[in-house]
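*Asks:* For the record, the sequence lines run as chains A and B.
In terms of the working numbering, the first sequence opens at residue 1 and continues consecutively.
In terms of the working numbering, the second sequence opens at residue 1 and continues consecutively.
Hints are supplied without guarantee of correctness; some may be wrong.
To be verified - List of simulated lysine-lysine pairs, BS3-like, C-alpha gap at most 30 angstroms:
1. A:97 - B:296
2. A:369 - A:384
3. B:472 - A:30
4. A:91 - A:11
5. A:30 - B:460
6. B:96 - A:296
7. B:453 - B:472
Don't read these hints as lab results, they were simulated from the structure.
Number of protein chains: 2
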Amino acid sequence: MQLKLERLNIKIGQHKVLLNIADAKELGVKHGDRIRIRGHESLTAIVDTTDDMIPPGVLGAFVEIYRHFKDWDKPVEVVPALRSKSGTVIKKLMDKKPITQEEIKMLVNDIVEENLSDVELSAFITSTYIHGMTDDEVEWLTRAMIDSGDKIEFDTHPIMDKHSIGGVPGNKISLLVVPVVAANGLLIPKTSSRAITGAGGTADLMEVLCSVEFTSMEVKEITEKVGGALVWGGATNIAPADDKLIRVEYPLSIDPYYQMLASIMAKKGAIGADNVVIDIPIGAGTKVPTIQEGQKLARDLINLGHRLGMNVECAITYGSSPIGRKVGPALEVREALRVLESMEGPNSLIEKSAGIAGILLEMGGAAPKDHGKELALETLRNGKALEKMKQIIEAQGGDPNITSDAIPVGKYTADLFASTDGYVIEFDNKWIIEVARVAGAPNDKGAGVAIHKKMGESVKKGDSILTIYAEKEFKLETALTTAQRTNPIIVEGMLLRRIPGNFGFQ
Amino acid sequence: MQLKLERLNIKIGQHKVLLNIADAKELGVKHGDRIRIRGHESLTAIVDTTDDMIPPGVLGAFVEIYRHFKDWDKPVEVVPALRSKSGTVIKKLMDKKPITQEEIKMLVNDIVEENLSDVELSAFITSTYIHGMTDDEVEWLTRAMIDSGDKIEFDTHPIMDKHSIGGVPGNKISLLVVPVVAANGLLIPKTSSRAITGAGGTADLMEVLCSVEFTSMEVKEITEKVGGALVWGGATNIAPADDKLIRVEYPLSIDPYYQMLASIMAKKGAIGADNVVIDIPIGAGTKVPTIQEGQKLARDLINLGHRLGMNVECAITYGSSPIGRKVGPALEVREALRVLESMEGPNSLIEKSAGIAGILLEMGGAAPKDHGKELALETLRNGKALEKMKQIIEAQGGDPNITSDAIPVGKYTADLFASTDGYVIEFDNKWIIEVARVAGAPNDKGAGVAIHKKMGESVKKGDSILTIYAEKEFKLETALTTAQRTNPIIVEGMLLRRIPGNFGFQ
């Protein structure tokens with residue numbers, strides 16, 4: 001069937017076209033079927049149907065399809081296409097039948113090229129979420145993710161990297177770990193994510209100081225020049241399947257275990273990492289509630305690293321409280337820079353950063369066994385880490401002379417006060433993040449929360465427990481209401497509840 | 001946030017809106033999140049984002065959303081919405097956690113009201129496909145499906161119904177069963193489907209003779225007037241969730257067992273059926289390959305019927321060959337009408353129709369036990385079934401004086417000839433259906449296949465094995481090529497292969 005092209009300027013995240021229902025019937029295709037379009041380039045698209053938006057004789061092409069054509073006035077030839085082979089692979093995964101490395105490679109390529117519909121992607125995610133994957137399948141998935149995107153090949157080795165499983169507010173340690181490691185002569189090209197459900201990922205933070213959007217070639221150049229980089233992975237085309245999967249996992253509120261393993265390790269594999277430390281925060285509210293689960297995750301990551309030729313160590317860390325006392329991009333960057341400038345700052349932040357950096361320094365041979373943390377603390381103390389951070393900021397197009405005090409934070413602030421003397425007996429990470437998000441983080445860089453009282457600390461009635469920062473007044477108000485309603489930090493006296501002596505004896 | 005409404009004339013099958021990415025960021029929502037729109041009516045929609053098709057300040061509303069508004073010039077107030085509660089239910093199903101009747105009711109209502117995204121629907125389908133459902137869950141799902149659509153309440157009882165699991169080409173028996181049952185004084189308001197992957201559903205067939213699109217109120221009136229109806233279920237709003245589920249199951253090529261049970265029985269429950277016969281064709285190529293699976297399905301249907309207060313019997317039938325010798329709407333109607341007119345026709349069709357009708361006559365008390373089939377054959381023979389069919393055709397707006405000879409079939413025909421003397425040793429239902437579809441069925445009513453030789457029949461070289469009918473010449477050609485390529489009917493001599501005597505002894 002010959003059809004005229006019409007552009008539908010919607011990025012729909014899939015290779016999709018819109019057909020008039022009459023043409024669809026004539027072609028014998030339905031919503032969700034595929035057609036083959038023979039134009040300047042031959043390609044396959046998933047069909048949506050309409051009875052009026054597109055007239056008969058016209059092929060409505062969403063952005064992903066339309067950009068493949070050049071001569072838009074020329075009609076295209078359209079024929080029904082066979083079901084995608086990836087559909088057969090997904091069906092096998094639903095039925096928990098074995099699949100081959102070739103099949104998983106095809107599937108990942110189709111995901112990256114947006115050849116799968118939401119229905120198919122969701123069935124894939126749900127199936128692997130339910131059935132899990134074998135070690136072989138996880139390895140193949142990881143390799144396919146590596147191969148479907150950009151790879152960086154460094155001339156010098158070893159290449160160091162770190163990753164945090166996340167779930168803890170204020171986890172700004174990469175801003176300290178990367179300069180410490182690079183200052184000791186090791187290469188650490190760190191790609192990070194932006195926050196999806198959090199108040200600020202490392203990329204959101206670093207963006208306060210400089211650009212974070214670079215191609216993988218630029219990441220290589222920056223790293224070779226100054227030893228380290230702190231960039232947003234999403235701009236690099238490294239392991240691009242991950243973003244496509246998150247697009248489906250996010251509305252389902254799931255983070256399937258084996259895909260998490262694959263996506264973490266694919267990012268490390270694609271930059272040619274030799275030594276990797278993975279930070280696994282555990283505790284209520286994190287992604288890994290118990291130490292047992294943390295140990296299983298560590299074993300699985302180490303095993304997968306081994307299969308891929310990477311040396312992986314894991315650090316199980318305390319995740320029930322925020323790291324440091326600031327949550328939200330600008331506030332966190334201030335807190336991290338102050339440590340680099342003067343070693344002033346919360347113990348939780350300095351201890352954790354030095355601990356993780358220390359493992360990397362030992363793995364990379366820059367420090368003898370059991371002396372890595374010592375060297376990391378020394379590198380923070382003697383100003384070399386600050387010096388390195390300035391070089392990284394400059395290499396990424398920022399102002400190397402920026403100081404922590406000069407970073408602007410939200411001008412609208414409000415406090416939450418203790419209504420009684422006592423101690424912090426409950427501290428809810430989830431609601432701290434939510435308050436920061438409602439205040440505008442991570443989009444409004446200056447928005448966030450400063451925490452004045454953490455778990456177990458003593459409080460006097462009328463003390464400020466936390467301060468909310470916002471760039472916009474109406475967001476401050478909603479955030480304050482959220483904080484008052486959810487009460488993320490609970491203070492009570494030591495005497496929690498009085499049980500009357502005659503209870504049960506009446 | 002105040003936004004101007006703009007209509008996007010695409011039926012997308014979901015309550016969806018399109019936001020400029022800047023507005024989405026400002027609202028703090030992403031692709032797949034939900035927003036609450038406060039206008040003349042307050043409703044929830046799933047967000048898609050664009051960076052250019054919709055400018056900031058505008059809310060692009062797809063048809064499903066737009067039709068809820070009246071004053072389109074008035075801006076609407078938009079706020080982020082919580083995740084749908086159905087999302088939480090789907091998550092429970094993924095994790096195989098127990099759910100309540102209330103939860104499944106909410107989920108089905110959200111499905112019917114198109115409040116779920118493709119991602120969510122697919123996760124629901126995939127989860128229940130993998131985990132299965134408990135008897136309670138299937139009953140609740142069925143009840144929720146019944147309650148979410150129209151129900152017919154008859155004053156007279158019993159109400160009879162039949163259903164076929166499908167998968168066999170040419171299964172036109174409802175065109176005989178319904179008039180036979182109605183002619184014996186029982187009410188049988190039969191709703192049927194159109195073909196999804198077949199060459200013609202009962203609704204596609206009946207449409208050759210008269211209209212099949214009626215509201216449930218009209219179905220009630222027709223049935224009360226003439227005793228029976230043969231209509232398309234899709235027009236009635238009876239158990240409407242089914243169509244929404246099929247929309248997702250179809251691209252995944254799955255037909256999840258427990259949803260099949262629920263959707264069959266919901267349609268019966270919604271019309272108040274008291275006695276139901278379910279035809280379960282078994283054999284290679286059908287949906288139920290073995291008799292063991294057929295028996296399990298029968299038990300499950302009978303059990304579910306019992307829970308819903310319906311009397312269900314099942315008939316396990318031979319499904320490896322077509323019923324009768326014609327496949328495709330007009331050809332099948334001709335074949336069925338000829339039986340009604342003169343009892344001329346294939347034994348497989350007459351035997352099966354009389355058998356199923358006989359069970360219904362016994363269940364409804366119109367025939368003594370073991371005498372139903374006899375009465376059914378007699379009703380066919382004495383012309384009462386033909387008379388009743390004419391009344392039904394007339395009640396549904398068709399010409400009651402139509403005769404089988406007067407029904408037009410495709411004017412382009414081609415034959416497939418036997419290349420050797422021998423017997424039909426293989427007969428592939430799937431490819432027979434495919435050839436009929438490629439020829440134009442079920443959309444082109446006159447298209448289809450007439451089968452001259454069935455399994456085991458003897459054939460002379462040069463005999464026509466099948467004739468393809470088409471309304472359009474180019475479709476005939478493609479169908480003929482498909483038939484020649486796939487060779488759905490294989491003829492060989494009795495001596496299939498000669499094994500040389502010295503094989504293995506060299």
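*Asks:* Evaluate each hint against the coordinates.
*Replies:* Hint-by-hint comparison with the structure:
1. A:97 - B:296: 23 angstroms, holds
2. A:369 - A:384: Given pair residue 369 of chain A, residue 384 of chain A holds - Cα atoms ~21 angstroms apart, limit 30 angstroms.
3. B:472 - A:30: This hinted pair holds, its Cα atoms lying about 21 angstroms apart.
4. A:91 - A:11: Holds. Residue 91 of chain A to residue 11 of chain A sits at ~27 angstroms (cutoff 30 angstroms).
5. A:30 - B:460: 41 angstroms, violated
6. B:96 - A:296: 22 angstroms, holds
7. B:453 - B:472: The hint holds at about 25 angstroms.
In terms of the numbered hints stated before, the structure departs from hint 5 and from no other.
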